[in-house]
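Going down the list, the protein sequences come from chains X and E.
Those letters in the first sequence? Residues 1 to 249, per this note's numbering, in order.
Those letters in the second sequence? Residues 1 to 116, per this note's numbering, in order.
Check before you lean on any hint, since a few could be wrong.
[Stated by the list, open to error] Capping the alpha-carbon separation at 25 Å, the derived lysine to any residue pairs in SDA-like fashion look like this:
#1 Lys-11(E) / Asn-96(E)
#2 Lys-72(X) / Cys-36(E)
#3 Lys-137(X) / Cys-36(E)
[Said to hold, decoys possible] Covered, in the sense of this in silico footprint (three residues per stretch, anywhere, with C-beta under 8 Å from a C-beta of chain X), are these stretches of chain E:
#4 15-22
#5 25-39
#6 42-50
#7 70-77
Since the hints were made in silico from the structure, they are not lab data.
As the structure is a computational prediction, the values presented were derived from the model and not from experiment.
Note that CB positions come from ideal geometry on N, CA and C, so glycine has one too.
Chain residues, written in single-letter form:
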Amino acid sequence: MAKKPTDGLSPLYTYQEGMEWNPVEKVIMERRSIRAFKKEPVPNSLIRRVLEAGRFAPSAGNAQPWKFIVVKDQELIAEMDRATAKLTKFMMWFVDYNRGPIRRLLLAPFTRFMTRFMPNKLHPIPFNLLQQISADKASSFYNPPVMILLLIDKRGVGVPALDAGICGQNMVLAAHSLGLGTCWVGMMTVLMMNPLWRRKLGIKSPYELTDCILMGWPKGDYDGEVPREVQTVEWIEAGGVRRVERQGV
Amino acid sequence: MIDLSFGKNGKIPNYFKSSDMAMGIVVFDPGKCSACGVCVAICPAQGLKFTKREDALKKRLPALMESAPGVTLCMGCGDCAAACPGQAISVKRGFNAGLFFRRLAQEPTVSLPKKY
Ligand SMILES: Cc1cc2nc3c(=O)[nH]c(=O)nc-3n(C[C@H](O)[C@H](O)[C@H](O)COP(=O)(O)O)c2cc1C
Ligand code: SF4
Ligand code: SF4
């Protein structure tokens with residue numbers, strides 16, 4: 001993997017322009033989503049340690065609108081994967097309009113209609129993945145030894161899903177700093193469309209489940225830096241002076 | 001066909017039409033690729049697979065899959081290029097779906113984390 005600074009890290013709580021990453025920044029920059037895990041189990045104490053990072057995340061009004069379910073049962077995880085594939089196949093039968101000219105004619109208007117109502121769920125990127133899953137070419141959960149279900153308490157202050165996201169990322173960063181690999185998986189939303197699975201996992205209102213975090217020892221060393229989009233950042237300085245700066249170059 | 005557009009930019013693109021969908025494009029340098037499979041294993045879109053090479057070497061090489069002609073599964077994340085031990089991959093085009101899903105890209109360029 002490219003560009004992995006292994007030389008002396010900068011100490012925490014100090015800053016000098018252009019200095020080496022400190023350990024926290026290093027974890028942030030080099031964290032990659034890990035989708036291949038070793039069979040080796042993760043000790044419970046280590047899972048608890050990661051959960052602790054989530055427990056101490058900030059939240060609007062300190063409402064802490066989250067709840068964790070730790071799944072270690074490999075059979076259950078495999079069953080969830082199969083069930084998601086099955087549900088995806090069913091769903092895609094109604095919206096995948098590229099399987100032949102007749103389907104294209106009949107389904108395209110319906111798919112567009114659905115996409116209009118669920119633009120984020122049927123965004124071309126998850127659509128592609130759903131297509132792959134329904135063709136048995138992709139897995140939804142990648143067989144992790146541990147799965148943390150991140151439930152959102154809808155009674156939180158402001159935007160509870162945002163709080164849950166912060167909480168989850170806290171855990172992800174803690175996990176990577178401990179040598180674990182993680183991957184956020186939003187495909188959970190598909191499984192949660194099935195009320196039987198909601199019951200099976202005990203997801204009841206006021207809780208909802210949209211995303212989960214896979215965790216385990218990474219198979220292969222994929223953590224490292226990748227390029228990302230350069231941002232144009234607008235700065236408003238004293239006196240209302242506005243200026244645009246390119247961030248990252 | 002029902003037009004659900006709210007103006008031109010609100011229109012839902014056709015996911016299988018290359019003129020509506022600028023999906024990512026990655027190119028492989030067959031000279032540098034050792035067919036180790038790292039890229040195929042890590043692609044988050046699961047959009048790469050091994051194919052037989054045409055020439056005399058007959059090596060198996062990774063290639064980008066398409067869901068329709070000109071529409072790949074690549075979302076241009078650059079993970080494969082960063083992970084490739086032989087630096088055999090370069091991202092030729094990023095992902096940018098058309099119409100409603102078109103991203104008003106702030107910058108066409110990407111860069112590694114910069115130590116300010
Ligand atoms: C909320 C959320 C949901 C995600 N869902 C999935 C998913 O269902 N499947 C998957 O393979 N990756 C999923 N990802 C991981 C992204 O694909 C990944 O973060 C992105 O490609 C950037 O790569 P990186 O994490 O290696 O930096 C998700 C990420 C987030 C933040
Ligand atoms: S990671 Fe690089 S060397 Fe390995 S198969 Fe992919 S392109 Fe070839
Ligand atoms: S750029 Fe990302 S999505 Fe595209 S082929 Fe490489 S890993 Fe897959």
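**Violated hints - listed by number, lowest first** = 2, 5
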